[in-house]
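**Student:** Single-letter residue listing:
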Amino acid sequence: MQKRGGVTLKRVFADLHVCLSMNDSAATLRMISKTAKLGYRLIAAPLAPETNKEEVVKLRKACNEAKIDFASRIDLQPRTTNELMVQLRRLRRKFEIISVACDNKQVARQAAKDRRVDLLSFPFLDFRRRFFDRAEAELASNSLAALEFDMKPLLVLHGPARLRQEAAIAMKFHVPIIVSSGVAIEMLLRKPRDMAALACLFGLDENSALDAVSHIAHAIVKRNREKLGSGFVAPGIHIIREGKNR
Amino acid sequence: MALQIDSDGTPSRKEFIYAVWDAIGKLYGEYGASLTSLMLIDYYMERKTAVIRTSLATVNMVKASLASITSIAGMDAAVHVLAISGTAKALEKKLNWS
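Sequence lines, in order, name chains A and B. Residue numbering for the first sequence follows my numbering, beginning at 1 and increasing consecutively. Residue numbering for the second sequence follows my numbering, beginning at 1 and increasing consecutively.
Think of the hints as simulated: they come from the structure by calculation, not from any bench. The reader is advised that the hints may include incorrect statements.
As the list claims (entries may be wrong) - With a straight-line Cα cutoff of 20 Å, these simulated EDC-like cross-link-like pairs (lysine to aspartate or glutamate) come out:
| id | chain 1 | residue 1 | chain 2 | residue 2 |
| --- | --- | --- | --- | --- |
| 1 | A | K67 | A | E242 |
| 2 | A | K152 | A | D114 |
| 3 | B | K48 | B | D22 |
| 4 | A | K34 | B | D22 |
| 5 | A | K152 | B | D76 |
| 6 | A | K222 | A | D75 |
| 7 | A | K34 | A | E65 |
| 8 | A | K34 | B | E15 |
| 9 | A | K37 | B | D22 |
| 10 | A | K222 | A | D24 |
| 11 | A | K67 | A | E50 |
| 12 | A | K227 | A | D69 |
| 13 | B | K14 | B | E30 |
| 14 | A | K152 | B | D6 |
| 15 | A | K94 | A | E50 |
| 16 | B | K14 | B | D42 |
| 17 | A | K172 | A | E186 |
| 18 | B | K89 | B | D42 |
| 19 | A | K94 | A | E55 |
| 20 | A | K37 | B | D76 |
| 21 | B | K93 | B | E30 |
| 22 | A | K152 | B | E30 |
| 23 | A | K58 | A | D24 |
| 24 | A | K58 | A | D69 |
| 25 | A | K34 | B | D42 |
| 26 | A | K34 | A | E186 |
| 27 | A | K152 | A | D75 |
| 28 | A | K37 | B | D6 |
| 29 | B | K93 | B | D42 |
| 30 | B | K48 | A | D75 |
Next up, chain A with everything else stripped away, as it sits in the complex (with noise of 0.2 Å):
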C-alpha cells in the first residue's frame, strides 16, 4: 500500500510481457487465468506485426473476462537505424507498447532517443551486446524509453549477468526500469511481489522494485493509450469539443 495526499492506494500489478500462444488458445486462456490468479491486473502480450484487430479484440476479451486489462505489444528486432524508423513510423499506431531488441549500438542509441519506442531490451548474457551505458542512459532520460528487464532469464540460464551495473545506471539518470516475466510456461509466472523481490536483486530498492512491476508499466500504457486516442493532438493538447465550420 502507498499513501498519497492522506489517501491509501493499492498497487496495480502490470505484466509488460507475457508470452502467449495465438496458435493454442487452451493454453493462452489458461496464462490469462494464472496471471489474473496471482495478482496482476495487467498484461501485455507480444504480438506479430501482420495480427489484424479481432485477434487483439478475442485477447482483450477474454483479458476481459479473466477481470486483467489488456494492451497489445510488439517487439521490434531491427538491424539498422533506417530499418527501425521505417517500423515505428508503420507500426506505432497499431500498438500500445514498442519495445526494440537492440542488437547494435546504432540501433540501441537511435531507440534511446526516439520519443515513439517505449521499452529498451537488450540480449540477457552477451554482455557485449549490452549497450546500456551512461551515454544510452542519458539519450533515454530525455526521451520516454524505459529499461526493461525480462525475468525469464534469470529462472532458466545459468551464467553472470551484468544487471545491477545497468540497474545503477538507469536510476542515476531516471530511466524508469520496468521488470516484466517474458515466460511462455505458467509454471515460470511469479507473483508481482515475487518479481519485485527478485528485481531486488539488481540492487533496486523495494519501492522502486514495486514500481517497476506496478506504476511505471500503468504509466506507460496509459500515456501510449492518450496518444492513440482519437481526441490527442499533442501532450497536453486534447480535442474536447469539435465545432461547426460557419
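Given chain A, put chain B in place with the hints provided.
**Tutor:** Leaving out everything else, chain B in the frame of chain A:
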C-alpha cells in the same frame, strides 16, 4: 511466511526444504543462507502449503530465493508467497487456517 507450492507432483517435506536451501545457497551462498535463520515450521503435503520462519532482516532475500525455485526433486515447480506475518498465530488468522 506461508507458502504455496505449485507443482505437478507432491514433493515431500524434505525435498521441499532442500529446494529452498538450495535456492538460497545458489543466490547468496553459504554465508547468506546462514543469515536467514531459516526453519520449516509446518508442511501440509495434501494442500501443498508450508510455513517457514526467517529473520525479519532477510525476508527479501528469502522471497527472492523462493521466486528463483523452478524445480523441486526434479519436478517443475514454483513457490508463491501467500502471506507474511510476525507470528504464526497472526499468519493463521490472515489465511483463515484453523
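**Student:** Among the hints numbered above, which are violated by the structure, and what are their numbers in rising order?
**Tutor:** 1, 2, 4, 8, 9, 10, 11, 17, 21, 22, 25 and 30
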